[in-house]
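S.K.: Dock chains B, C and D against the given chain A, drawing on the hints supplied.
Chains as they are written, first to last, in our numbering: chain A, 1 to 615; chain B, 1001 to 1302; chain C, 2001 to 2181; chain D, 3001 to 3498.
Covered by chain B, per the in silico footprint, the following chain C stretches (three or more residues, Cβ under 8 angstroms):
no., stretch
1, 2008-2019
2, 2039-2046
3, 2086-2092
In silico PhoX-like cross-links for lysine-lysine, where the CA-CA straight-line distance does not exceed 25 angstroms:
no., chain 1, residue 1, chain 2, residue 2
4, B, K1282, A, K562
5, D, K3295, A, K147
6, C, K2157, A, K520
7, D, K3198, A, K609
8, C, K2005, A, K521
9, C, K2149, C, K2009
10, A, K528, C, K2073
11, D, K3111, D, K3352
12, C, K2157, A, K521
13, C, K2112, C, K2073
14, A, K21, D, K3364
15, A, K147, D, K3357
16, D, K3434, D, K3295
17, C, K2154, A, K521
18, D, K3364, A, K94
19, C, K2140, C, K2154
20, D, K3357, D, K3442
21, A, K147, D, K3434
22, C, K2116, C, K2140
23, D, K3487, D, K3198
24, A, K433, A, K528
25, C, K2116, C, K2149
26, D, K3357, D, K3434
27, A, K92, D, K3364
28, D, K3364, A, K147
29, C, K2073, C, K2157
30, D, K3354, D, K3434
31, C, K2157, A, K528
32, C, K2140, C, K2157
33, A, K143, D, K3357
34, D, K3442, D, K3352
35, C, K2009, A, K521
36, A, K520, C, K2005
Residues of chain A placed beyond 12 angstroms of chain B at every Cβ, according to the derived structure:
no., residue
37, T51
38, P89
39, S172
40, V183
Source of the hints: derived by calculation from the structure; they are not laboratory data.
No experiment lies behind these values; they were computed from the predicted model shown.
Don't be surprised by glycine CBs; every beta carbon is placed ideally from N, CA and C.
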Amino acid sequence: MIYLIFVIFLGGAALTWLSGKIHPILRDVVFLASLIVPSVLFYMNVEVGQTVSFSLIGYKLSWGINYLGYLFSYIVVGLGVLAGFYAIPAMKGKKNLGFFYSNFVLSIMSMLGILFSRDLISFFIFWEIMTWSSYLMVVFQGKDVQKVGIKYFVFSAIGAYAMLMAIVIIYSLNQSMMISDLVSSFASFDPTMQWLIPILLLVGFGVKSAMMPLHVWASGSYSHAPMAYTSIFSGALSKMGIYGMVIVMVSLVPIIPEGFWLRETIAWLGAITAVGGTLWAVAQDDAKKLLAYSSVAQLGYIIVGVAVGTPLAMLAALFMAVMHGLFKGALFMVTGAVERQTGTSNFTEVTGLIRKMPWTFLAALMSIIALAGIPPLGGFVGKWMLYESLIGSSHYILVIVIFFSSTAAFLYCYKFLFGFFLGQEEKEWAHVKEAPAMMVVPMLLLAFGTFVLGAFPGLILDPINAGMQEMGFASTQGKYWEMSMLFNEWGDQIMLQPILYAIIAVFAFFAIFLTIKGFKKTRYVTTKDISSSGEVPLEHENLTFSVNFFQPFLRTVEPLMKRQIDKYYNEFGRGMEALFDFTRRVYTGNGQTYALYAVIFIVILLMFKNTLFGL
Amino acid sequence: MELTLNILGAIATIVLAFIVGMSYGGIVRKITARIHNRMGPPWYQNFIDAFKLIGKTTAINHGIMQHFGPAFVMVSSIVSLMFIPILNNGGWFTNLNFDGDLIFLIYIMVFGPLGMALGAGQTGNPNSAIGVTRGLSQMVGFEIPWVMALVALMIQFDTTSVTGLMEAQHETGRWMMFTSPFAFIAAVLAMLGMFRYSPFDIVGAPTELASGPVSENGGKYLFTMMSSGSIFAFVKLTLYVDLFMGGADNLIILVLKTFALYMVPVLYGIVSPRYRTEQSIKFFWGWPTFFGFIAILYAVFV
Amino acid sequence: MINDKNSQKIVDIIQNWARKHSLFVLAYGTGCGAIEIPPTMTSRYDAERFGIRGAATPRQADVLLITGYLTTKTLKRVIRVYEQMQDPKYVIGFGSCTINGGMYYDSYNTIKVLDKYLPVDVYINGCMPRPESVISGFVKLQQLIADGKGNGAKEYKENLESYRANQKKIIPNWVMPDYNW
Amino acid sequence: MVGSPVLLIAIPLLAAFMIPLLGMIWKELVRIIPGLVLAFMMISSASMLMYVTNNGTIIQTLAGWEAPWGINLVFSPLTAFLATLMTFMGFIVWLYSYRFKRNVDFEPAKKYFIFLMMLVAGAVGIVITGDIFNQFVFIEITGISAYALTAFYTGRNSAEASFKYLLMGALSSSALLIAIAIIYSQLGTLNMADIASKIHLMPAGYKVTALIFFMMGIGIEAEIFPLNGWAPDAYTEAPGPIGAAFAGIVVKAGVYAMVRMVFTLFDVSGAMDILLTIGLITLIVAETAAIRQEKLKRMLAYSSIGQMGLVFVAFGIGTLEGVYAALFLMLNHAIIKPLLFLSGSQLVFNSKEKLIKEVNGLGKYMPFTAVLFALGSFAIVGLPPFAGFWSKLSVLTAAANEGMLLIIALILIVSVIEIVYYFRVVNRIYFFDKAEDLIPQKPRVNAVIAMSVLGAIILIIGFNPDVVSTVLHNASADLMDTPQYIKNVLSAGQSLTN
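Bound-form chain A, shown alone (with noise of 0.2 angstroms):
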């Protein structure tokens, strides 16, 4: 059954491909079905704990599904399938779609793959066939590929790489691929491998789960691939990062002797990562990079969570990472809608969006709320238990850090509603509509999962509990969390039900004897009709206001911004290009030399020959 899911991911990603040199309707729909029927055989037919495994080449590759990965499957294959629906409207008429849809298909395969696997080999191919098929989704659209293409595949090999170093030395440590074999005999290795291993892996998902100062792929990817993609690039496939990570904090990183100066570091590298994404965020005029960087700082918060690693932070960590993956997919969805309607997705040419796409609006909204992590929406429990585990393990600078970044996010928060949906309605985006309902539901569904997961986080804490017990963890049902409840380490509770009443009862309230009441009697007049000191703006005059949104801000947090490590990656490569060439000059095409070459060869072997070979 496992090997029939996969089976059928690749040939629907073949079919894909080839069924749209038949017909584009046709296409869309295989497309479709190699993306649901996969995934609802995995719900229906696969449980936890049931493996397959088989022989490659002398090793030993064993599938099957932990709760864990079952966990992170629900990113995948949720936010996989309703992307898939997103993505055929939102692609529709660009070149070369099949190339897109087969990729797609593959990016989820490979991803439940990940998931899927119980070894370090089939994990790895996994890994690398999500790198390259998530390398040609960034170079799709063409837009300086050379740049940003090769930066993000460059990045992506060398983690991979480091990674492979590591599996490397762990099969020639102890002769076998799993990974519960790794984790039962890691108390053995000696510390220099001890502390080696679990470095070079950090290093493989830290540029994945885009951790400083791996991070400056992250910003040029993910605004360059095409949003119905980047809403899972950065809603569930840096999440495979993050899985990585969870494997390696919990698993290898507390049998270290003195490992917890590692943690430290991983913990304060996320910390370090959400401030500078929070404030490279805000800077952005581009809706895409804004998303970007933020997911760069959202990423970063649920470094800190996996890497203090107490049972409350890595409760945050995880319920952050579903979160994550519900808004961010949702708001690069919205972006997508934008700029498929518009045209532009830059907050300084398109405004007013609000009376033209309200649905999409109402799911930009709730997504920001979540974002900001206001309750009364999911955001909120995440950025709760991480304060609170955060207070509760001493990590205090750590956690004043932590709320600057996430008090600074209400900035691009803001700057993306109002950069799209408020401020003045320009004449020039009269002819907007409403996205199609294929694009604008699945949005909403995801902002609504984000709304019940607010209410009930028991939902998702409940696998995700199952996950944490299944790596060692002490059940923390009842300890730190009920269906609507949640405690810290102190005892103190936040009842969500309460909450949500309170604010919808007030809400409502004010809801009708303000806004319906009120709304009923007045009457809509035009952005222009606004009291700007006696002048009648004209229709063409721009009274928008959307350049240096937050440039006092900006100004005061300059010093914090000058240094930008993507400068020295530039550098340092630049560097390496101009050695290269000096080494290209060894080969000067002049016959001579090389005979040369040859005699100083032989002279250099015959002069050396007793310290050479030892005689």
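M.R.: Here is chains B, C and D on its own, set in the frame of chain A:
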């Protein structure tokens, strides 16, 4: 029955907060006038204004969000009011005090500004947007020392709930402004920004931004903003009193304590000019943050 | 219940009282008269005693205070501001220029009689009127409101056409959102 | 089992000399005969490989002179594997270059196929002979035909490249002769097995000197740094399929010879480390040089050199796994690099300068070739699930088992560089705009078949590497097991005597 009693208690709390907040506003106007060597309006002037604003017709709107914005703001202030212990022995006013904690309060408090920002954004008035950006930037400024102070309290008394902190105060018998003075200093400095009196009134700078976010809101909207502002002021003051001044046993003491605390930003504001945005942010990241840091160290090591 | 006549009257009385005691003034400093506003507001004459305070935008204002002569150029803006104000709203003409042109009676580009263009509730004569007289003008307006006579806005609505006609005479290129509430 | 080892050498040589005569009968025969010959060689060597795998090495003595004295051909699992690989590649090259370029008329085509025959024959000979002087002769045959093919386009550049190749070749042959002379003077025998059995009698100084001269002589053929100066020019200037043939056939033969020397003939302690070091240097220098190239084929040439370096690294590890990994690498490289050369030469078919930037945007116009080139790039940088990954993985595991972490790190860093330059080209193919004046060349049917066969093999090995693993295991075991080799050869001699 239970539920109805709770609802009645909640309504009573809201009314109390409204009245106290509004009259504080009037009294502040009076005091300001006195300091300007004027006679000033009567202390109930704010009520008159509020009533008049209700009476004013609201003929136009700039879209649905302009209507929802004030609703969001009211939600924020009232819900946060629900979670603040008004009196030590809750009595009538224990609404939802035990269902939330400080971190929840911090977050529900920023719900309002966001709603106001949305309402302001819908009107399309550039001044509103500018005011909103200023407000958010300033919020990033003063939240840092404020949270540092709160974290200091939390780690000092091993609880994150307001009620827990109040009980801790009762056990020690000393107000926290004495048991953890640096936290108090940081919190009060942050409060200057929270109340947005001069020199931190950069959001609604009347002549510079034409009263900023509310510049398109007359009539009901303005009334809603005004009253929610008053309730919100009451909420913050009560929270400070609960945290640092050992709460209040009855309303009189509550009023006295809150009023005394309220005078800090007011009196400081009357005699000050206005900061620019980056100046105010830098201010909050200067000494207040330093004191917050000291407070955390103090809480850890003492 | 609101439609009930007597209760409506009571409500009106209370509301008029409230309006009377809180006047948000949008002081449109057209001419030299603007110089008299600061002393009126500040400590010497302290108009805030009567609940009179400045408003930042027309949306929040009750009273439009036209201080001094109106050039044909500024008239358009003034009309715009007046129409942006929400009911109930009042206009105070300030200084002789708003009554009969005052010292600009023969100027080619000031409007002479403000009442032809906007419904003035109270005139304050004098050139300049001193703060005392300004305050007395306000008190007069308060009395009008209390008696329910301060209804310039209503008559502006009623015979909008004539006002428009006059305004359009002065303002050749008329681009203005129509005023229908 | 079809045919016998000697036929693998005799038939192509015969055919090579027959081709002109047959050409007089019917011009087309010039193109057809080589195909038939190569097909036969491929089939027979494959079947013999099967036979060898099941029931042991075939030893064939020529002219009835037994092992130590006469020339004998050793068809062991290793040599069988390599011979099959080479003949297969030869066939693919023929298939591709059947009617390679319409403008090639009868005369050059005749030369072309003659030399191709000789090239394959020589390479196979190098592999399966059991006698060093005989091997030297085969190296010369291969070399001469290679010089000629390099100069196939009678132009200034090709002549120059060919001359460089010739120069180095002369050096190599002289070095080889010196080495052979030393050995013969010391041991009085030229048979490899005999030498291997007697090598301990030889004074260390002589032994090492001989080894060094061998290394130089064969190293030139095997493209090790710094003896590989000829390679980039030759690869660039020779026709595309010939580049493929170099990468797939000649170099492999050179590597085999080198490895045979080091593993079987000489029992010198430090030789492995020398291989390892030289391999590493070659790898790093070549890959770093490749990243700055402007001509497509030149880039491929450097990359091929780098791969050879990697192969030597793998051999230099010196364990069974290392050898296995090295053979696996040789196999993959022999499949993938020809694919790259063939599709690459299709991409730059009509361009004057053969520059990389002239492939811009060809993905739309020649999709099939472009896809195959992309596949080859993905495979050669070792992305799963393509063939290259498994060989890279086995190299790394082999190194890791010896605890050579630094070497692993270096290999991986170099692979990152490799990724950069290959993906730059792939991006250019797909996401850039085509130059207007360039007319894309539709590949012919035979070329398409040739390339798609290679692509299919890449995918097959990628998804199920077990299809080749047994063969490779046998081959590596055979290479490591020197006493068995000696016993086979010499005992075969005895068995003939009595």
